[in-house]
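J.: The chain contents come next:
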Amino acid sequence: MPHLAVRNIAKSYDGNPAVRDISFAVAQGRVLALCGENGAGKSTLMKTLSGATLPDAGDILLEGKSAAIRTPADAMDLGIRIVYQELSLLPHISVAENILLGRLPTRGLSFVVDWPKANGIAAGVLSDLGFPDIDPTALAGSLSVARQQIVEIAKALATEPQILILDEPTAVLSAAETDKLFDKVRKLAAAGTTVLYISHRLEEIYAIADEIVVLKDGRSVLSGEASQLDQATLIQAMVGRSLSAVFPVRRGAAGHPILQVENLSLAGHFRDVSFDVRAGEIVGMFGLVGSGRTEIAKAIFGARPADHGTVRLGGKSEKFATPAEAVRGRVAMVTEDRKGDGLALDASVIDNAGLASFSRYAPSGIINGEKRRTLVDEKIRELSIKLADPSQPVRQLSGGNQQKVVLAKWLLVEDIQLFIFDEPTRGVDIATKVEIYQMIRDLADGGMAVLMISSEMPEVLGMADRLLVVRDGSIVAELQPTDFQPETVFAHAAGLDAAQATMGRPN
Amino acid sequence: MTSQRTLHGFSRADIFFVAAILLLVVFAAVASDAFLTQRNLVNISRQLVTNGFLSLGMLMVIRTGGIDLSVGSVLAFAGLLATGLQQQMHFSMAITIALAMGAGVGFLNGWLTARFNLQPFIVTLATMGSLRGLTYVYADTPRYPVDEMFRGLIGGAFVGPVPVNFIIFAIAVPCVWFYLNHTISGRAAFALGVNKEAVRLAGVNVNKHLIFAYVACGLFAAIAGVLLASRLGIAQPSVGIGYELDAIAAVVIGGGLLGGGGGTALGVLGGVVALAVVDNVLNLFNVDSYYQQLLKGLIILVAVLARRKRV
Chain A
0 MPHLAVRNIA
10 KSYDGNPAVR
20 DISFAVAQGR
30 VLALCGENGA
40 GKSTLMKTLS
50 GATLPDAGDI
60 LLEGKSAAIR
70 TPADAMDLGI
80 RIVYQELSLL
90 PHISVAENIL
100 LGRLPTRGLS
110 FVVDWPKANG
120 IAAGVLSDLG
130 FPDIDPTALA
140 GSLSVARQQI
150 VEIAKALATE
160 PQILILDEPT
170 AVLSAAETDK
180 LFDKVRKLAA
190 AGTTVLYISH
200 RLEEIYAIAD
210 EIVVLKDGRS
220 VLSGEASQLD
230 QATLIQAMVG
240 RSLSAVFPVR
250 RGAAGHPILQ
260 VENLSLAGHF
270 RDVSFDVRAG
280 EIVGMFGLVG
290 SGRTEIAKAI
300 FGARPADHGT
310 VRLGGKSEKF
320 ATPAEAVRGR
330 VAMVTEDRKG
340 DGLALDASVI
350 DNAGLASFSR
360 YAPSGIINGE
370 KRRTLVDEKI
380 RELSIKLADP
390 SQPVRQLSGG
400 NQQKVVLAKW
410 LLVEDIQLFI
420 FDEPTRGVDI
430 ATKVEIYQMI
440 RDLADGGMAV
450 LMISSEMPEV
460 LGMADRLLVV
470 RDGSIVAELQ
480 PTDFQPETVF
490 AHAAGLDAAQ
500 ATMGRPN
Chain B
0 MTSQRTLHGF
10 SRADIFFVAA
20 ILLLVVFAAV
30 ASDAFLTQRN
40 LVNISRQLVT
50 NGFLSLGMLM
60 VIRTGGIDLS
70 VGSVLAFAGL
80 LATGLQQQMH
90 FSMAITIALA
100 MGAGVGFLNG
110 WLTARFNLQP
120 FIVTLATMGS
130 LRGLTYVYAD
140 TPRYPVDEMF
150 RGLIGGAFVG
160 PVPVNFIIFA
170 IAVPCVWFYL
180 NHTISGRAAF
190 ALGVNKEAVR
200 LAGVNVNKHL
210 IFAYVACGLF
220 AAIAGVLLAS
230 RLGIAQPSVG
240 IGYELDAIAA
250 VVIGGGLLGG
260 GGGTALGVLG
270 GVVALAVVDN
280 VLNLFNVDSY
290 YQQLLKGLII
300 LVAVLARRKR
310 V
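These protein sequence lines map, in sequence, to chains A and B. Numbering that gives the first Met the number 0 puts the first residue of the first sequence at 0, with every later residue one more than the last. Numbering that gives the first Met the number 0 puts the first residue of the second sequence at 0, with every later residue one more than the last.
Think of the hints as simulated: they come from the structure by calculation, not from any bench. A portion of the hints provided could be inaccurate.
Claimed, not checked - DSS-like, lysine-lysine: derived pairs with alpha carbons at most 30 Å apart:
1) A:LYS338 / A:LYS315
2) B:LYS207 / A:LYS116
3) A:LYS338 / A:LYS318
4) A:LYS64 / A:LYS183
5) B:LYS195 / B:LYS207
6) A:LYS116 / B:LYS295
7) B:LYS195 / A:LYS338
8) A:LYS183 / A:LYS116
9) A:LYS338 / A:LYS378
This one's a predicted model, so the numbers in the text were calculated from it and none came from an experiment.
Chain A with its partners taken away, still in its complex shape (with noise of 0.2 Å):
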């Protein structure tokens, strides 16, 4: 009888099926690792077993009986424990107060609150899971994301787990705090808790998983024991293709330098960043979560400017103190965070996607709207945006379709010279991300000079014409391809030796 057993899980948000189809079992006291690529549907799935989401259809099954999960107490109550990949904590009340919500020691009356016994729980669970340095009674919002991290994983383990969820728990973590997370995970899954490992990094799945479950566009398309599948089995099941399939190919005929950047400072973020992107280029930056990458895209755009430092734009010097500035000067960017500052989700596509370049249509400041309509129709063409009407919300689009807008947005503006993507793929389906790739390629190919930022290693790695490596808001390495090999690349952003790091994270 399998501890956890899930069947036929399907989940749509506003008509975008996020899970089309995904069935798995796991026995007592095992890892099981589900991996996939972004908008394969694992974040969903696990949302549906914590009770955050309902499923339209489908049956979670514990111990063979079917679990009636439909709020995130029913799912506390059946010992269903879950990290989310976003972190969930509050800033503004201290880290005992984090772990303990909703489950805070009580005194005497049932309703008053024992904060001695609640600050030594908590400082008792961050040390059982090897950080007792975290001071309990600290604001959350005063650590650094890591250590946020690690208080996100202790609020799961404050009462023992009897299934453990871990949303991509390491994204943020060193290997010195991943390999002591693994330990409490061995140490929980031999006590008899069931883990759910989420992740795409394989060789992550590989040192802590004894099964898989591979996920690709909604739907469980392999499973079986860790050490009976192998990365290239897994690979070809996440992608559906080859990698090499996946990237355009390279070019290698870049032109004369179009940004340069020198000594850049913001105190707090990054210090002296020098480097060039040249016309006809893909300059990649990879860094992990905190090392101020985007932070040194956002000064160049001029979204948050920077202390000191210069930047030139075809050799002309340029301080951009807002974005407005930026777009004059022919910079486009497409942020990060798409639902946060890339679109407007309840606005149009077309209000979308006329948003940056008014100046086509509107010159005297009156929408030309018969124009605008011409002109963002042309772009969903070009992108094939998968759509019903232009004039419907964004937020009715899949995730791929949505950045697509985000796209058209900056493609409708002329005569842009630099293009900066902020993790351009996030959250987009497989298909749709190829088709992204493309699209950057030929930008470049049309004599654009591109910075692409990613946190996804496999990305930057067959995109970039050269790869710059972020790590304590420096720059600490400059890659040709010929260097690219994910360990060196890692051991550069995590501050190791390449040795240390193969050895830490074994493939």
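Given the coordinates of chain A, work out where chain B should sit on it, guided by the hints.
T.: Relative to the frame of chain A, chain B by itself:
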């Protein structure tokens, strides 16, 4: 409570405001003979009770990321019920009904906000208007208390030199402090003010705690209304218009953050006292009430500027 001290340490802005109030007091005491008299101090302490209760209630709601615009209407209706119903029943019963009405309106505000995920600004704007209308339907002329004890025991009563009204308020402040910092519900309400979904995902019944904050706010507004009617010996249907703004001002001056995530009972007490002293000093110097409003607006601006988060 070491953990609480680190969480609620005083900021530079707090110290600045305390210093500013003290400076104002010293200035008033030197410049006006009337300021430090017992009569004037009793006046201040009685007058700040109304805004004090409204502000404490408002604080509980603002900590959840919400707002309650209906407190002025609740105050008026509660005062009318507590005095008007005395003709039919004992005044203690009338007060109970008035307080229950306040809690009920608070429940309605909280329930609509939580259950249907509506914006509290709009919900309480609607209850503010409807309740004011209902107040006039109930009584379009002032009501006077029938029972002498209604004034004698509460609004007109003293313990030594201290007005009973003020004593009731002075008891409420630590109660609210305790609720905010040491109860499950108060902590949940504070947590959900910044990220409701995160708290829901932790398995907490967020609606329950959210509604409780609104109930408490409505109840406090009703208490303010009863105490005011008892002190003045009259209840008017037009009283309390715009009082919600004074309450919000006191919360903001005291360090509360609209949108949730901040504000303490002690801070609100500071805000209430500051506004009351400013009012009183301006009155002593016979400053035109228009200038008083202008000055209060400026104080609020300075307060939010001093407390703004650095971007």
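J.: Each hint: holds or not?
T.: Now the hints, each set against the structure:
1. Distance check on the hinted pair: A:LYS338 and A:LYS315 sit about 33 Å apart at the alpha-carbon level, beyond 30 Å; violated.
2. A hinted pair counts as satisfied when its Cα atoms are at most 30 Å apart, and B:LYS207 with A:LYS116 qualifies at roughly 25 Å.
3. Restraint check: the Cα-Cα separation between A:LYS338 and A:LYS318 comes to about 28 Å, which is no more than 30 Å; the hinted pair holds.
4. Between A:LYS64 and A:LYS183 the CA atoms are separated by roughly 29 Å; this keeps the pair inside 30 Å, and the hint holds.
5. For the hint linking B:LYS195 to B:LYS207, the alpha-carbon distance of about 12 Å falls within 30 Å, and the restraint holds.
6. In summary, the hint linking A:LYS116 to B:LYS295 is not supported, as the alpha carbons are separated by about 44 Å, beyond the 30 Å threshold.
7. For the hint pairing B:LYS195 with A:LYS338, the CA-to-CA distance comes to about 18 Å; that is within 30 Å, so the pair holds.
8. Our distance criterion of 30 Å between C-alpha atoms is met by A:LYS183 and A:LYS116, whose separation comes to about 23 Å.
9. Taking the CA atoms of A:LYS338 and A:LYS378, the gap is near 21 Å; set against the 30 Å cutoff, the hint holds.
The structure fails hints 1, 6 (numbered hints given earlier, in ascending order).
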